[in-house]
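Trainee: The chain contents come next:
2 protein chains.
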Amino acid sequence: VTGEFVAIGRLARHLPPQTVNGVSRGEVWIGDDAAVLRTPTRPWTVLAADAVVDGVHADLRLTTLQDLGWKALTCNLSDVAAMGADPGHALVTVAGPAGTDLEALYEGLGSAATIYGCPVVGGDLTNAPVLVVSVAVTGTADGPPVLRSGGRAGDGIWVTGPLGASAAGLRLLRGGSGRAPVAPEDMALVDAHARPVPRLAEGRAARAAGATAMIDVSDGLGADLGHLADASGIGFELDEVPVAAGATRAEALAGGEDYELVFTAADPARVVDAFASLRRPTQIGRCVGDPQRRVIGTEQLLAWGWQHRW
Amino acid sequence: VTGEFVAIGRLARHLPPQTVNGVSRGEVWIGDDAAVLRTPTRPWTVLAADAVVDGVHADLRLTTLQDLGWKALTCNLSDVAAMGADPGHALVTVAGPAGTDLEALYEGLGSAATIYGCPVVGGDLTNAPVLVVSVAVTGTADGPPVLRSGGRAGDGIWVTGPLGASAAGLRLLRGGSGRAPVAPEDMALVDAHARPVPRLAEGRAARAAGATAMIDVSDGLGADLGHLADASGIGFELDEVPVAAGATRAEALAGGEDYELVFTAADPARVVDAFASLRRPTQIGRCVGDPQRRVIGTEQLLAWGWQHRW
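Order-wise, the sequence lines are chains R and S. Quick note: to get the numbering used here, add 1342 to the position in the first sequence (first position is 1). Quick note: to get the numbering used here, add 1342 to the position in the second sequence (first position is 1).
Check each hint, because a few of them may be wrong.
Some chain R residues flagged as far from chain S (calculated, every beta-carbon gap over 10 Å) [what the hints assert, rightly or not]:
| hint | residue |
| --- | --- |
| 1 | His-1356 |
| 2 | Leu-1404 |
| 3 | Gly-1503 |
| 4 | Asp-1581 |
| 5 | Pro-1584 |
| 6 | Gly-1588 |
| 7 | Gln-1634 |
Some chain R residues close to chain S (C-beta under 7 Å, calculated; not the full set) [as the list claims (entries may be wrong)]:
| hint | residue |
| --- | --- |
| 8 | Asp-1374 |
| 9 | Val-1388 |
| 10 | Val-1398 |
| 11 | Asn-1469 |
| 12 | Gly-1485 |
| 13 | Leu-1489 |
Keep in mind the hints are simulated off the structure, nothing from the lab. Small disclaimer: the values here were computed from a predicted structure and weren't measured. Cβ atoms here follow ideal geometry from the backbone N, Cα and C, with glycine treated the same way.
Make the full structure from the sequences, and use the hints.
Mentor: Okay, structure coming up:
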């Protein structure tokens, strides 16, 4: 057990150094009342916040603190991706019990921060009986971000990758005894659950393709596409969705935490062009005018998904 | 008990409407993956985050949820004030048990947001066994923010108001039986504890006065002035500090949560000018070159203050 200020000093080692590219003269990150940054020159700013709670979003018997840190930042970066924006900076607030291995947590946070170019420039450390990692991120865009509300009847619906891998990975972890290893061929699924990838390049490409609406698949396709349809005042008809190898169709439709992006766009040729250097997204259906109509094939697509209770 | 999305809809009522002054065309606050804002045109941005935890920072047997919400935002605004910056926008993440009266919490958050001009534009609601309210705020300034690190030997040290009221208010609350009323003449102290005031105008004035370093008194004068001295590489000699009516000298020196600002500046005349329309700050001492020398009168000023344990 150590004091807060010693802990902050140790953790700073896991955060990208203050002299990397992008740090302008006069900027100050860790160690003052607030981080000081040059205001970005791009015309649009996005702000998002998401928390990860031990026992609710993650089970530390199945998840390392490194992975928890990774997920706490990347689920926020996924929100930035879903706007078609680029990451700016992150603030990380950790509330947790004395004895929490903060270095492990910040190792995961720092890895994601470095890989995706979103330095952690501040935050707070505070004691609490349960571990809650709250992250807030900024992002910027040089054009209007893609909202959930712009989908129009006739637009195609695309998804940036197969779904269900995260839910399948969690199923495999739960089937094992605690941290017991799983079969090698299952490791890709476990990885998809433990180290989700924010689809930042894909979000930018979708915006370049003229995407009319976009959301990330965090709660489950049915729930998230439902949010997009609600915001846009539309319904949808899906043909089928790409299911990750090793996942079930139910996991793909309702599993959540895949962090692939779902977007609507009017012109398939622009989508193909914009994704020329990326994995090509799959068109899974189209928007329709009747907001009640939300089907996959002949089935109703249930808006099942995780909701916290209040 | 209700669902997350219904709860968000209800809470939006407590947040300033999206059409008030300052909301530019194309901005979107609540309801998308991220809030969308016009990038501010001022050259400097500050980012700060702070959390309030039930049972650690606040005792819900002594504090209402309205006051907890107020404090969660204002302790962040105090960090913005301590940079000499103006508030921008806030993100609020609430992790807590089902049944938490979110409307009461957001009533307090919304009041502070409206009064201090820092609208809540997003965040997250998630379940957790204990209530943790994490807030992140942005701010802007048209000149370089005031850091902790610019204090120089010979600078005067000022405080923007008397200290100890918050600690005295907490003492009175604890002395009572739970929420029992306290004597009318004590209510100012209880208010100072329950509804701290971020010294935003004072922070701007200090920057205008050429303040070389600044910090807010959140942990206690000894601890916070110690942080400033550490960052500036200086020591200090204090004469005496203004003690709030009804507070003890010990509460003023070590109590914390007063959220007054302490700043260093070279020119007393500029300080008087810059604070012409505000309560005049009190010069409490001066910076000295020896970083070991940290005294009030002939006593060592202990850097006592709250530290979380890790």
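Trainee: A separate judgement is required for each hint: does it hold in the structure or not?
Mentor: These are the hints, each one checked on the structure:
1. Its beta-carbon lying about 14 Å from the closest one in chain S, His-1356 of chain R satisfies the requirement of being farther than 10 Å from that chain.
2. Distance check on Leu-1404 of chain R: its Cβ is at least 18 Å (rounded) from any Cβ of chain S, clearing the 10 Å threshold; non-interface status holds.
3. At roughly 17 Å from the closest C-beta of chain S, the C-beta of Gly-1503 of chain R stays outside 10 Å, upholding its exclusion from the interface.
4. Look at Asp-1581 of chain R: its CB is around 25 Å from the nearest CB on chain S, clear of 10 Å, so calling it non-interface holds up.
5. Look at Pro-1584 of chain R: its CB is around 22 Å from the nearest CB on chain S, clear of 10 Å, so calling it non-interface holds up.
6. Distance check on Gly-1588 of chain R: its Cβ is at least 28 Å (rounded) from any Cβ of chain S, clearing the 10 Å threshold; non-interface status holds.
7. No Cβ of chain S comes within 10 Å of the Cβ of Gln-1634 of chain R; the nearest lies about 18 Å off, and the non-interface call holds.
8. The beta carbon of Asp-1374 of chain R comes within 5 Å of a beta carbon in chain S, closer than 7 Å, and the hint placing it at the interface holds.
9. Satisfaction of the interface hint for Val-1388 of chain R is found here, the shortest Cβ-Cβ separation to chain S being roughly 4 Å, below the 7 Å cut-off.
10. With 7 Å as the threshold, the beta carbon of Val-1398 of chain R comes within range of chain S, its nearest partner Cβ sitting at about 5 Å, so the hint holds.
11. With a cut of 7 Å, the hint placing Asn-1469 of chain R at the interface with chain S holds, because the nearest CB-to-CB distance is about 4 Å.
12. The interface hint given for Gly-1485 of chain R is violated, since its Cβ lies 10 Å from the closest Cβ of chain S, which is over the 7 Å cut-off.
13. For Leu-1489 of chain R, the interface hint holds, the least distance from its beta-carbon to any beta-carbon of chain S being 5 Å, beneath 7 Å.
Checked against the numbered hints given earlier, this structure breaks only hint 12.
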